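Asker: This is what each chain is made of:
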Amino acid sequence: MARLIMALLAGALFGAGLLMSGMTDTLKVQGFLDIAGAWDPTLAFVMAGAIVPMAFAWRVAAPRRATFLGLPLPARPPTRLDAQLLGGSALFGAGWALVGLCPGPALATLSFGGTGGAVFFFAMLAGMLLAGILRRRPLPLTQQEL
Amino acid sequence: MINPDWITGLAGGVMIGTAGALYLLFNGRIMGASGIIGELVDGSGRATAVEKMMFLAGLIGAPALLLALPGDGIGSGQTNISTSLPVILIGGGLVGLGTRLAAGCTSGHGVCGISRLSLRGVVASLIYVGGGMAMMTALRHGLGLI
Numbered sequence: 000m001a002r003l004i005m006a007l008l009a010g011a012l013f014g015a016g017l018l019m020s021g022m023t024d025t026l027k028v029q030g031f032l033d034i035a036g037a038w039d040p041t042l043a044f045v046m047a048g049a050i051v052p053m054a055f056a057w058r059v060a061a062p063r064r065a066t067f068l069g070l071p072l073p074a075r076p077p078t079r080l081d082a083q084l085l086g087g088s089a090l091f092g093a094g095w096a097l098v099g100l101c102p103g104p105a106l107a108t109l110s111f112g113g114t115g116g117a118v119f120f121f122a123m124l125a126g127m128l129l130a131g132i133l134r135r136r137p138l139p140l141t142q143q144e145l
Numbered sequence: 328m329i330n331p332d333w334i335t336g337l338a339g340g341v342m343i344g345t346a347g348a349l350y351l352l353f354n355g356r357i358m359g360a361s362g363i364i365g366e367l368v369d370g371s372g373r374a375t376a377v378e379k380m381m382f383l384a385g386l387i388g389a390p391a392l393l394l395a396l397p398g399d400g401i402g403s404g405q406t407n408i409s410t411s412l413p414v415i416l417i418g419g420g421l422v423g424l425g426t427r428l429a430a431g432c433t434s435g436h437g438v439c440g441i442s443r444l445s446l447r448g449v450v451a452s453l454i455y456v457g458g459g460m461a462m463m464t465a466l467r468h469g470l471g472l473i
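So the sequences go chain by chain: A and B. Using my numbering, you'd call the opening residue of the first sequence number 0 and step up by one each time. Using my numbering, you'd call the opening residue of the second sequence number 328 and step up by one each time.
Since the hints were made in silico from the structure, they are not lab data. Quantities reported herein were computed from a predicted structural model and do not represent experimental measurements. The beta carbon of each residue, even a glycine, is placed where N, CA and C say it ideally should be. One should not assume that every hint holds.
[What the hints assert, rightly or not] A few chain B positions that, by computed beta-carbon distances, are all more than 10 Å from chain A:
#1 Met328
#2 Gly425
#3 Arg443
#4 Gly457
#5 Gly459
[Stated by the list, open to error] Now the stretches of chain B that chain A is said to cover, found in silico as 3 or more residues with beta-carbon under 8 Å:
#6 382-396
#7 435-442
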């Protein structure tokens, strides 16, 4: 039960932070990516503000064997760089520039993003399903390791 | 001269990072928006579906509640999402496909990965930001499409 309440709380704080930071406004996000135009550095401030408490949390977690609720902590991250990571990130960057929404803000704006936001959300879900299908098949893209 | 958007950006960022810290230190989970929604959609996260749905309820519900409050509140509720259907469909599809292939987005690879100095998180973030900037430059200043 505590775990579910913490999930709700973390999600709510994430959503409130996205709204507060202005990252629910696609013009601000696209402004950050528009280095050849009127560059808007706000996203860099958001990222810097987010990384500080998160880096602290990783330090708190490092010597612990379990979370405050006694749940297992995530394993050490893999260090393998493969074509899926590199290619997927490039595709994501392209889509991010097109509309100015990444998955967090796409969810946070669902209640006020209108039809465009809803269409984006369902297109994103379709892309996620496609990724699931591609990953299940031994495609050249997924086999190639760098 | 300090732009007020940078201050609210930083403050919103701290809220986002604190949300990620709570999700890690209590629930033992990495706060990645694409993973949370993606694993619900493709069925791979069935075992933790309720926890994920609680997180999403907070993420979607908190901005809705904050915007419903009287007065200025936090955030503008402006999304300025593109009105071009092809742009939204392609953008959403690429964001969904790319983030799931790369196994992370701005929150998972960006906030949680960079703060942990994860090689995959740092490399993915450099690629989606760099790729997004290149795409924005090409589409806006080269082709004049967005």
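Asker: Next, verify each hint and record whether it holds.
Answerer: Results of checking the hints against the structure:
| no. | hint | verdict |
| --- | --- | --- |
| 1 | Met328 | 13 Å, holds |
| 2 | Gly425 | 3 Å, violated |
| 3 | Arg443 | 5 Å, violated |
| 4 | Gly457 | 7 Å, violated |
| 5 | Gly459 | 4 Å, violated |
| 6 | 382-396 | holds (count 12) |
| 7 | 435-442 | holds (count 7) |
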